[in-house]
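Below, each chain spelled out in residue letters.
Number of protein chains: 2
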Amino acid sequence: MFELRANEKVMALDPAALPGDAHIVFIGRIRSPWRERSECPKNMRAALETGQRASLMLDPPYREGLLGLEGYTHAHIFTWLHQVPRNLIIQKPRHATEEQGTFALRSPIRPNPVGLHTARLLGVDQQTGVIELEAIDALDGTPVIDIKPYFPSVDLLADAMTPKGR
Amino acid sequence: MFELRANEKVMALDPAALPGDAHIVFIGRIRSPWRERSECPKNMRAALETGQRASLMLDPPYREGLLGLEGYTHAHIFTWLHQVPRNLIIQKPRHATEEQGTFALRSPIRPNPVGLHTARLLGVDQQTGVIELEAIDALDGTPVIDIKPYFPSVDLLADAMTPKGR
Numbered sequence: 001m002f003e004l005r006a007n008e009k010v011m012a013l014d015p016a017a018l019p020g021d022a023h024i025v026f027i028g029r030i031r032s033p034w035r036e037r038s039e040c041p042k043n044m045r046a047a048l049e050t051g052q053r054a055s056l057m058l059d060p061p062y063r064e065g066l067l068g069l070e071g072y073t074h075a076h077i078f079t080w081l082h083q084v085p086r087n088l089i090i091q092k093p094r095h096a097t098e099e100q101g102t103f104a105l106r107s108p109i110r111p112n113p114v115g116l117h118t119a120r121l122l123g124v125d126q127q128t129g130v131i132e133l134e135a136i137d138a139l140d141g142t143p144v145i146d147i148k149p150y151f152p153s154v155d156l157l158a159d160a161m162t163p164k165g166r
Numbered sequence: 001m002f003e004l005r006a007n008e009k010v011m012a013l014d015p016a017a018l019p020g021d022a023h024i025v026f027i028g029r030i031r032s033p034w035r036e037r038s039e040c041p042k043n044m045r046a047a048l049e050t051g052q053r054a055s056l057m058l059d060p061p062y063r064e065g066l067l068g069l070e071g072y073t074h075a076h077i078f079t080w081l082h083q084v085p086r087n088l089i090i091q092k093p094r095h096a097t098e099e100q101g102t103f104a105l106r107s108p109i110r111p112n113p114v115g116l117h118t119a120r121l122l123g124v125d126q127q128t129g130v131i132e133l134e135a136i137d138a139l140d141g142t143p144v145i146d147i148k149p150y151f152p153s154v155d156l157l158a159d160a161m162t163p164k165g166r
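Chains A and B are the protein sequences, given in the same order.
Quick note on numbering: the first sequence equals residues 1 to 166 in my numbering.
Quick note on numbering: the second sequence equals residues 1 to 166 in my numbering.
In short, the hints are calculated from the structure, not lab data.
It is possible that some hints are incorrect.
Every beta carbon over 12 Å from chain A, so not counted as near; a handful from chain B, in silico [said to hold, decoys possible]:
hint, residue
1, Glu3
2, Pro33
3, Arg35
4, Glu36
5, Arg37
6, Glu39
7, Thr50
8, Gln52
9, Gly123
10, Tyr150
Just the calculated beta-carbon pair ranges, DEER-fashion [claimed, not checked]:
hint, chain 1, residue 1, chain 2, residue 2, range
11, B, Leu122, A, Gln52, 17 to 25 Å
12, B, Arg45, A, Ala96, 43 to 51 Å
13, A, Asp14, B, Ala17, 23 to 31 Å
14, B, Lys164, A, Arg35, 21 to 29 Å
15, B, Glu3, A, Arg5, 51 to 59 Å
Given the structure is predicted, the values throughout are model-derived calculations rather than measurements.
Yeah, the Cβ is synthetic: ideal placement off N, Cα and C, and Gly gets one too.
Construct all of the structure, not just a fragment, from the sequences and the given hints.
Below, the structure is given as structure tokens:
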């Protein structure tokens with residue numbers, strides 16, 4: 001399913017096979033229209049362009065933690081991209097002209113496959129644990145590991161720049 | 001060290017005691033001037049105001065993954081805030097007038113204590129694994145779990161708003 005492309009490189013060590021330094025608990029799941037990797041938008045901008053909404057279903061023990069989130073317009077959703085390899089350190093995305101290091105990419109393939117999805121909140125229901133999202137670039141069923149409110153004071157970096165062509 | 005304040009609430013289940021659904025590997029460490037929680041800035045804005053620089057030391061197996069990161073001005077640094085409790089679901093920060101759910105706060109205390117620090121990159125050295133940062137709101141020695149480039153196209157949300165007073 002994941003083929004190594006030209007110039008891509010795997011590490012000698014595979015984080016998936018290491019004992020682990022800490023453990024993650026899944027606190028909920030993403031509900032999205034995307035059932036296959038081939039149809040899943042590659043980033044939040046592409047997800048928004050589909051016009052398809054999504055939601056997050058938080059498990060019962062964690063629902064009280066939503067108190068106050070309804071006052072924010074956007075949140076960072078953190079997911080665990082559990083179906084990807086973790087040992088690729090140089091990658092050549094299909095759209096890219098040159099290979100890049102994993103930490104210069106937003107690819108789901110990384111030593112700790114944490115996904116960061118910053119989404120507009122359309123509704124927060126503490127009773128049912130459902131957060132309605134404008135869109136998301138994650139497969140249906142993707143485990144959720146954290147939710148943080150978006151604070152423009154620390155998250156909106158007006159002078160941030162990317163290299164030419166990216 | 002962590003006292004429960006009035007109106008704060010712990011969950012019946014403690015994520016720290018659960019078997020875990022996935023494992024994290026530490027890929028490096030933060031080097032910062034902050035040795036004690038009492039002196040550590042509470043957010044990136046406060047960290048910048050100190051004028052104190054910081055750095056990230058990436059472990060050898062992961063250093064090739066920095067290829068191309070030098071072209072970006074800012075990156076999201078993900079840490080594991082390993083010294084905090086994980087079972088607090090309603091919190092009353094010292095500065096706040098009302099208690100909030102954990103997911104409406106950027107507090108380090110959360111079911112999965114993933115820290116998100118978006119910092120300006122002052123230097124990226126693939127050979128030594130050192131990333132120089134303008135500042136960081138994390139204790140010296142904090143484990144690093146991921147690094148992603150900041151993409152204004154998905155990370156800069158010009159219309160994001162917070163509730164009045166926050």
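How the hints compare with the structure:
{"no.": "1", "hint": "Glu3", "in the structure": "holds, 19 Å"}
{"no.": "2", "hint": "Pro33", "in the structure": "holds, 19 Å"}
{"no.": "3", "hint": "Arg35", "in the structure": "holds, 21 Å"}
{"no.": "4", "hint": "Glu36", "in the structure": "holds, 22 Å"}
{"no.": "5", "hint": "Arg37", "in the structure": "holds, 19 Å"}
{"no.": "6", "hint": "Glu39", "in the structure": "holds, 19 Å"}
{"no.": "7", "hint": "Thr50", "in the structure": "holds, 14 Å"}
{"no.": "8", "hint": "Gln52", "in the structure": "holds, 16 Å"}
{"no.": "9", "hint": "Gly123", "in the structure": "holds, 14 Å"}
{"no.": "10", "hint": "Tyr150", "in the structure": "violated, 5 Å"}
{"no.": "11", "hint": "B/Leu122 x A/Gln52: 17 to 25 Å", "in the structure": "violated, 40 Å"}
{"no.": "12", "hint": "B/Arg45 x A/Ala96: 43 to 51 Å", "in the structure": "violated, 34 Å"}
{"no.": "13", "hint": "A/Asp14 x B/Ala17: 23 to 31 Å", "in the structure": "holds, 28 Å"}
{"no.": "14", "hint": "B/Lys164 x A/Arg35: 21 to 29 Å", "in the structure": "violated, 40 Å"}
{"no.": "15", "hint": "B/Glu3 x A/Arg5: 51 to 59 Å", "in the structure": "holds, 53 Å"}
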